[in-house]
Amino acid sequence: MSGLLQEMTVKALRLNIPLSVQLDLTYRCNERCVHCYLDHNDKGEMTTAEIKHLLEEMAEAGVFILTLSGGEIFLRKDLFEILEYARQRLTFCVKLKTNAILIRELEAARIRELGVEAIQISIYSHRPEVHDGITLVPGSLKRSLDANRFLKSQGLRVIMANVLMMQNLADYDGVRALAAELGVECTLDPTITPMMDGDRSVLSLGVNQQALRQVFRDSALVGDVDEFCAIPAKPRDSELDSTPCSAGHTTCYVSPYGDVFPCVQFPLPTGNVRRQRFIDIWRHSDQMNEVRSIRMKDLPTCTACTHVGSCTRCPGLAFGEGNMRGPSSQDCEKSFARTGIPSANMLAKRRGNPNLVQIRTLAVPAPDSRSGALL
Amino acid sequence: MSRLYVARNPKVATRRLGGETMIMSGRDSTLFTLNPTATILWQSADGKTPLDEIVEKRICAEFEVEPVEALEDAETLARELARHEILQISPEPIADQNLSGEAR
Chain A
1 MSGLLQEMTV KALRLNIPLS VQLDLTYRCN ERCVHCYLDH NDKGEMTTAE
51 IKHLLEEMAE AGVFILTLSG GEIFLRKDLF EILEYARQRL TFCVKLKTNA
101 ILIRELEAAR IRELGVEAIQ ISIYSHRPEV HDGITLVPGS LKRSLDANRF
151 LKSQGLRVIM ANVLMMQNLA DYDGVRALAA ELGVECTLDP TITPMMDGDR
201 SVLSLGVNQQ ALRQVFRDSA LVGDVDEFCA IPAKPRDSEL DSTPCSAGHT
251 TCYVSPYGDV FPCVQFPLPT GNVRRQRFID IWRHSDQMNE VRSIRMKDLP
301 TCTACTHVGS CTRCPGLAFG EGNMRGPSSQ DCEKSFARTG IPSANMLAKR
351 RGNPNLVQIR TLAVPAPDSR SGALL
Chain V
1001 MSRLYVARNP KVATRRLGGE TMIMSGRDST LFTLNPTATI LWQSADGKTP
1051 LDEIVEKRIC AEFEVEPVEA LEDAETLARE LARHEILQIS PEPIADQNLS
1101 GEAR
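Protein chains in written order, with my numbering: chain A, 1 to 375; chain V, 1001 to 1104.
Chain A on its own, in the form it takes in the complex (with noise of 0.2 Å):
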């Protein structure tokens, strides 16, 4: 983040301004991805009616950066009609986060007329098996591949975001020798994000621990590979006194059905819009508020944890496992991978999980007490 969006952030956090959200414009999607943690069928999209008049709202609020994504944001008809809506009349600063594969050259155009500030296009492979057996459409690295080159000559900014899997692990490099080729940003994320309904099957897909370690120790990606793993400073009470992260304090998250999270990673439902004016739900909502009001030192575990400083704990994994003021176990893993020091939670989920294979005496009775033998 740039030193003047921080000061701004700052600014925003005390005047209490949504200074950036999230609308899934649609659930809908024409990938399959196998990590994907949404239920793509359509139960009541917001009309293209009921989307102006929430970006009106949402501009009244002082919301600035407005990043529609989905589902795939190009199955929505409406979509230009929208961009023009939110780029034209409403000023806001608009992201797309797309799989690409509908963008051709004339789209590519049209997006570079309303001013688009970036566009994300989902890259997880350089090599086609591997890319479109994420995505489960054959032939969808070529024609997302195609979209990133038609974006690119408009002179758009664009930004290859890479998901880390087990599936596509030996891959990072390649996909970011393919974005230095191309002239675009590429980014790289070993979060999976559990399903909307809770189910957490997918997170199997996720790397595991050796992978992260080795991830963890690529120059290339973090820099000060000795900086990057150093094991944290004890954090300094302001710290303690800080809020975890941005969800509900400067940014939030709409869903195509008119719902609030604080984030989209954050699953827990503060109003819809279809209902409330979104400025209420922003200010007034009860589980807003409470997202609001946690600090570093209210979270009772992550507090006693050496990573406390330098986690990049996620409160909406945390409420996924069952308490927002709790640790985000992939966050701990990250840490662990890190430093070598495994987090706090870590270490209670290990005291409160006996080993699988016990070997102990058993206190059977005696059938006959009077003989005092064991079985």
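Worth flagging that the hints you see were computed from the coordinates, not collected in a lab. Each hint should be verified, as a subset may be incorrect.
Said to hold, decoys possible - Here are the simulated lysine-lysine pairs, DSSO-like style, with alpha carbons at most 30 Å apart: (1) A:Lys142 x A:Lys95; (2) A:Lys11 x A:Lys142; (3) A:Lys95 x A:Lys77; (4) A:Lys11 x A:Lys297; (5) A:Lys77 x A:Lys11; (6) A:Lys142 x A:Lys77; (7) A:Lys11 x A:Lys234; (8) A:Lys11 x A:Lys43; (9) V:Lys1011 x A:Lys52; (10) V:Lys1011 x A:Lys77; (11) A:Lys77 x A:Lys43; (12) V:Lys1011 x A:Lys11; (13) V:Lys1011 x A:Lys152; (14) A:Lys95 x V:Lys1011.
Since chain A is already given, all that's left is putting chain V on it; use the hints.
Using the frame of chain A, we list chain V on its own:
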């Protein structure tokens, strides 16, 4: 001195935040903030009102500044913003290009 006309670039993203204006340049994703005085200039930059009139009627009316000095400062600012393609400047009125950022 010839008159100068200023118009907001419709390609930029803008939002008011506590008296200031945030502007994201579409050209290079650079973020700018305008202080309350510059915000008035930005809001008044409709391509039709000359800069000296904006300074006289909007800036001098609201802030205790010398008109000559204020106009010099406003011209410097306008040229700087034009350099970043946030504002368009011209000696002639600028045609309406779906101007943005007026009330937000």
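Quiz item: Checked against the structure, which of the hints given earlier come out wrong?
Solution: 2, 5 and 8
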